[in-house]
Each structure stands twice: as structure tokens, then as C-alpha cells.
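So you can see what is in the structure, the chains are spelled out below.
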Amino acid sequence: GVHCGACRKMSVYELHYFNNRGRAEPARLLFAAAGLPYRDIRIQSEQWPEYKLKLPMHQVPVLEVDGTMICQSVAIARYVAKVTGHAGKTDLEQAKVDMLVDGIDDVMTKKGDYVWHEKDETRKMEKKTAFYETTLPQFLSHFEKLLRTNNGGDGFLVGEGLTHADAWFLCLADDILLDFPDIFSPYPKLAALVERIRTYPGIKEWLAKRPQTPF
Amino acid sequence: EKMPAYKVYYFNARGRAEPTRLLLAAAGVPFEDVRFEVEKWPEYKPKMPMGQAPVLEVDGTMICQSAAMARFVARETGRAGKTNLELAKADMIVDGVADLMNAMANYHYYEPDEARKAEKKKTFFETTLPQFLGHFEKLLVANNGGDGFFAGDGLTHAETFFLCLYESISKENPNVLNAFPKLTALVERIRTYPGIKEWLAKRPQTEF
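For the record, the sequence lines run as chains A and B. Read in this note's numbering, the first sequence has 270 at position 214, and its numbers run on one by one without any break. Read in this note's numbering, the second sequence has 124 at position 102, and its numbers run on one by one without any break.
Since the hints were made in silico from the structure, they are not lab data. Mixed in with the good hints, there may be bad ones.
In silico contact screen, one side only, chain A against chain B (beta carbon under 10 angstroms); selected entries [stated by the list, open to error]:
id	residue
1	Arg134
2	Asp154
3	Asn207
4	Pro267
Ideal Cβ placement from N, Cα and C applies to all residues, glycine included.
Please work from the sequences and hints to get the whole structure.
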């Protein structure tokens, strides 16, 4: 929990999602990096039709903070990052973190589009090919370049410490490496970054003990 | 303290740049409103951090991604909520609005098949949009009865994104907010907000 300075009360955090990494994992990684306890609620699909009615936009993930519900995965991860000091130090640093997160979110959404929403098998394969041959290399090139502009690229994506941008990046990496284990070969700094995040204190332990799910 | 020099780069449209322009207007912060023609875009694209627009340039540093830009301006100008939780409430509205804007772009720009385009548009206006407007109305009401703003007690980037969404959807259906009285009143509250009111009167009039 986190101390509210005046009242010395610890906040209670509950993260609602399905039993997947998906859109909840960036927040889980941030909780782990900070050693901040939370209730990792994983909803069964049979519960979902009724469960969603309690949620602000009938979607998950939702982070409940002392009973207040925050939805939208990017907003949730940013909140946890801010509470745990992993959001960037200045307004400009925070903006840089935010833009990288939004870029990663866009790519994840594009992947989700062919994986989950494209029903036609031919179009699905077409979109998957376009994703891996065009979208992803363009995106990874931008990111390798942006990482290198941060003091040579041997640290984290923005500033001097881990931020929610790195948490999101690891989640994307975990996903794309399943399809293409060599995807980072042209991007050595990004490859090293992935290892750096994986071995970050707190995250390392979480990766070893978290429920193993396909996505 | 010297005020930073702001430049907003985008096409000649409201689109994804307008939430940021509205916040700069609300704060009375001068900015260079760079609008390039579509043919000029290939010249600008390589200079942008992710090859996309809009971009906000702050004393030479470039920030892309419309929500990141708006949130930065909101923070700098004291319109990003007072606590982490207030910011999160504003952020979740922005993300919800962005999801709807993406759904619209999806059928409008990215669906080549005319029949599927019409179907997606119909689903958007008959199902998706009313559902989300219902959620937004409820969240607004949960904030002290709904006669103020989405988060805390002031205008934030949530409002500027919401106004932009409203401008798009109301073109298609002027009655789109009829079932949502608090959202209806909020739109007027945003439109008449000092700084925003003047900007709305003088900004370039564009279709999107």
C-alpha cells in the first residue's frame, strides 16, 4: 500500500481482469517492480456477463483503488506508475513516456485486430503478413532510434529509470517473440532492453511465479 | 520564467490535434498552429518521432501521439487534475473517447468495402456509441452530480477530447446527445469556456 501522508492509511488495490497477461500485465509488472501489494483478480468467462455491469465502461482491466474504479489499461498503468515513482520525473519526460506507451498501444491494437477481430482467414493471413513485414519493423526502427537518443540506449526508454513505457514494451515483446523469436535481431539496443526489464528486481520474481497463459 | 515556444504540427483539420489546440486556447498560451497540405506531408514525416502527426514541439522537443500531447499541455497549464486519481479519471475518459474516434476512423478511412463500411457505421451509431455515451453520462454524474466536469472541479484534457468527439458525431446525428442531459450541458460548458469560446469563433473552419 501507499501512505496517504496525513492519515497514514494504506491504499487497497484490486486489479480486475481475465486470466491472461493481455491488457493488465503492464500494471502487474509495475506493481511487482515496486513491491506494492495488490489483489490480482482473474475473472472466469462464465462470470463475465454479470461482472461487467459493475465496471465503468463494461470492460477490463479495471483498477479499484480504495473502492474507486479506474478503467482503460493505459490510464491504469500510468496511475500505478505515478503512485510508485515510475512515470518520469519532469512533465516533458512524462510526455515522452506517454507517447511511447501510445505507440506500443497502437501496435498491440493492430495485432489484436487480425488475431481477434478479422474472421476471414485469407484477410487474417494478409494482415498478419503486413503486420510482421511492414508495421512492426517500422515501429521497431522508430523505437530503436528513440531508445538510442536516450543516453546511447543502454538504459531505459525514457530518463534514467524504468517507466511504464518499459513495462508496456516487455508485454509487446513477450507477445511478438512467440511468433518470431528473431524479431529483435536488427535492433540490438531493444533486445538488450528486454533483458534489462526481465531481470529488473521485482519483475524478475514476478515473471517466474506469474500464472503461465498463452497471451 | 520564460514561456516555452509551442508549435502544433498537423493537417489542415481539427482531427487529432484539436484537443491540444483547445487546451492551449483555454490557457491563453500562444502557439504556432502549423497546418500542412497532404502533398507536403512526405517532407514533414521523416522529422516526426514516429512518422506520424499530430506533433507538439516544445522548445524544440517533439512529442507525438494526440493524448500524450494534450496531457502534457494540460499538466503544464494546470488542467490535468489535482491528484493521481483525478488524472486517472480524466485519462480513462480520454482513452474511451479515443477508442470511439478509432472506431469511426476504422469504418471511414480503413474499410474499403462499401457494404461493410455502411454496416460498421450503423453498428457504431446504433450500438457502440450510445453504450459509451451512457457510460460517460454516468461517470459525469458520479462526479458531484454532473454539473461540472469529468474529473475534479475543472476542465481537463477529458473535456477537450469529448468536445472533439461531439463535433464529429453530431455532424452525422445532431440529436446524438438527446438521451444524455448532463453531457449536453457539458458540451455547452466547454464551448463557452474562456479562451475556448474565442478559439471556436476564430479557428479555421474545416470539414474534419
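Consistency of the hints with the structure:
1. Arg134: holds (6 angstroms)
2. Asp154: holds (4 angstroms)
3. Asn207: The hint is violated - Asn207 of chain A has no Cβ within 10 angstroms of chain B, the shortest such distance being about 15 angstroms.
4. Pro267: violated (26 angstroms)
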